[in-house]
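Student: Can you make the complete structure from the sequences, with help from the hints?
Here is how the chains run, residue by residue.
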Amino acid sequence: MQVIIILIEILILFAIVMLHVAYATYFERKIIGHMQVRLGPMRVGWHGLLQPIADGIKSFFKEDVVPEQADVFTFRAAPIICLVAMMTSLAVLPFAKGWVLADINIGLLFIFAMSSLSSYGVILAGWASNSKFTFLGGLRSMAQVISYEIAMGLSLVGVMMMSGTLNLTKIVEAQGASFSGMYVFPQIIAFFVFCVAMLAETNRVPFDLPEAETELVSGYCTEYSGMRYAIFFMAEYIGMMVMASIGTICFLGGWSGPFEVALFPPFWFVAKVYVFMFFFIWIRATLPRYRYDQLMEVGWKLLIPLALGNIVLTGFIKAFTG
Amino acid sequence: MVAQNIPQEYLAIFILIIFGILFGVITLYVGRFFRISRPYHEKLIAYESGNEPTEAPRMRFSIKFYLIAILFVVFDVESIYLYPWAVVYDRLGLFALVEMMIFIFLLLVGYVYAWKKEVLQWEK
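These protein sequences, in sequence, are chains A and B.
With our numbering applied, the first sequence corresponds to residues 1 to 322, in that order.
With our numbering applied, the second sequence corresponds to residues 1 to 124, in that order.
For the record, the hints were derived by calculation from the structure and aren't laboratory data.
Every value quoted in this text rests on a predicted model; they were computed, and no experiment measured them.
There may be inaccurate statements among the hints.
Claimed, not checked - Straight-line distance between alpha carbons at most 30 Å, and here's what the computed DSSO-like set of lysine-lysine pairs gives:
#: 1; chain 1: B; residue 1: 116; chain 2: B; residue 2: 64
#: 2; chain 1: B; residue 1: 117; chain 2: B; residue 2: 64
#: 3; chain 1: B; residue 1: 43; chain 2: A; residue 2: 62
#: 4; chain 1: A; residue 1: 301; chain 2: B; residue 2: 116
#: 5; chain 1: A; residue 1: 97; chain 2: B; residue 2: 117
#: 6; chain 1: A; residue 1: 62; chain 2: A; residue 2: 170
#: 7; chain 1: A; residue 1: 301; chain 2: A; residue 2: 97
#: 8; chain 1: A; residue 1: 301; chain 2: A; residue 2: 318
#: 9; chain 1: A; residue 1: 58; chain 2: B; residue 2: 43
#: 10; chain 1: A; residue 1: 301; chain 2: B; residue 2: 43
#: 11; chain 1: A; residue 1: 97; chain 2: A; residue 2: 170
Tutor: Structural data, given as structure tokens:
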């Protein structure tokens, strides 16, 4: 019985997330279009509103090319590993009080674990395709993701110190009870580190080196086509949403807002996640891509010392002000 | 049967993992009956800007990636040690702070060493 209830919850969550993934791509194209004084998609439906649906159907019917030299099993498994790892993170996110699939006490750690697992999908895809572009893309992606994962992990230690828990629901509640109501003010350094690391972790511009199309064609997914490519794409967008949710939960106070919205408790949570998503897209329209050596230097020489300094600072402030 | 052996909160995660795998596998399997498939040799060779691939793609690559991986292990273990400390920080007081400062300082020595050895610098 309980399994059936969970299954229904998962289906609802999955449907909502997939809808968001589809329309995140639409808004991305639309917003970037308008920022570049174009119109973006206009043909399918009113102002292109049906474009993501059309894209989905199209990729479903596209030929699935598996290269001759590829390691077939790994090649087929890689996108699914990516998708599953990203989707599983959704289980521990609290969308509103009590609106969470699995309220585990190590929520934040679980999300780190899952986002590390998804980089396996990327490197396996790069290796299994057996092409030079995918191989280099996979390697770069791996090095980038693990470098920025440290910065991200360390930046959230400050939040853990202030809230005293790893459970995401309790982090939001501790924030509501704190002096400023949001950790973004006392943890402003951590928030900065988190925002930069978030862009790198999700392989977004300006850190989209793994799929730098001017040099690596399409990075690790060069050899993928049709539905398999679409699954990588979904995983990337779900990853963006998970990162946006983590930012919302740990720094912006989760579902709490200036006033309660009746009938729809996650209102503020969703609004804040949309702000983050807009930030992702805005950055993409604004900044050029980093060079690879610059990317590694920012990660190792700037973000990690900043995050460590933030931990020390938070520790001292907490120890002497109580 | 399986459900009874898993802690209650993790059941949803377990089901979600299975659901995710099934979603991926079923979508790709069902799609097989709808999509076209006309493979031929030229289409199936690895992409290399339209040329025949010249040498084996699993080539030698920069040692830097290996060094970064080693450094990652060190720092990741550090952050794993920091998590439990951070969670119970309120209850431990000044002593824990000093202890952790010593721990972070020791790591910083290694970090500075790596920096001076130009491990963190991609190009010289």
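Student: So, for every hint listed, does it hold in this structure?
Tutor: Hint check:
1. Restraint check: the Cα-Cα separation between residue 116 (chain B) and residue 64 (chain B) comes to about 15 Å, which is no more than 30 Å; the hinted pair holds.
2. For the given pair, residue 117 (chain B) sits about 12 Å from residue 64 (chain B) by alpha-carbon distance, which is consistent with the 30 Å threshold.
3. With a C-alpha separation of about 14 Å, the suggested pairing of residue 43 (chain B) with residue 62 (chain A) holds against the 30 Å cut-off.
4. About 12 Å separates the Cα atoms of residue 301 (chain A) and residue 116 (chain B), which keeps this hinted pair within 30 Å; it holds.
5. Of the supplied pair hints, the one linking residue 97 (chain A) and residue 117 (chain B) is violated, its CA atoms being roughly 50 Å apart against a limit of 30 Å.
6. With a CA separation close to 45 Å, the supplied pair residue 62 (chain A) and residue 170 (chain A) exceeds the 30 Å bound.
7. For the given pair, residue 301 (chain A) sits about 39 Å from residue 97 (chain A) by alpha-carbon distance, which is inconsistent with the 30 Å threshold.
8. Between the alpha carbons of residue 301 (chain A) and residue 318 (chain A) the distance comes to roughly 26 Å, so the proposed pair stays at or under 30 Å and holds.
9. Using a Cα cut-off of 30 Å, the hinted pair residue 58 (chain A) and residue 43 (chain B) holds, with the two alpha carbons roughly 20 Å apart.
10. About 44 Å separates the Cα atoms of residue 301 (chain A) and residue 43 (chain B), which puts this hinted pair outside 30 Å; it is violated.
11. For a cut-off of 30 Å, the pair hint linking residue 97 (chain A) to residue 170 (chain A) stands: about 10 Å separates their Cα positions.
Violated hints for the displayed structure, listed by number in ascending order: 5, 6, 7 and 10.
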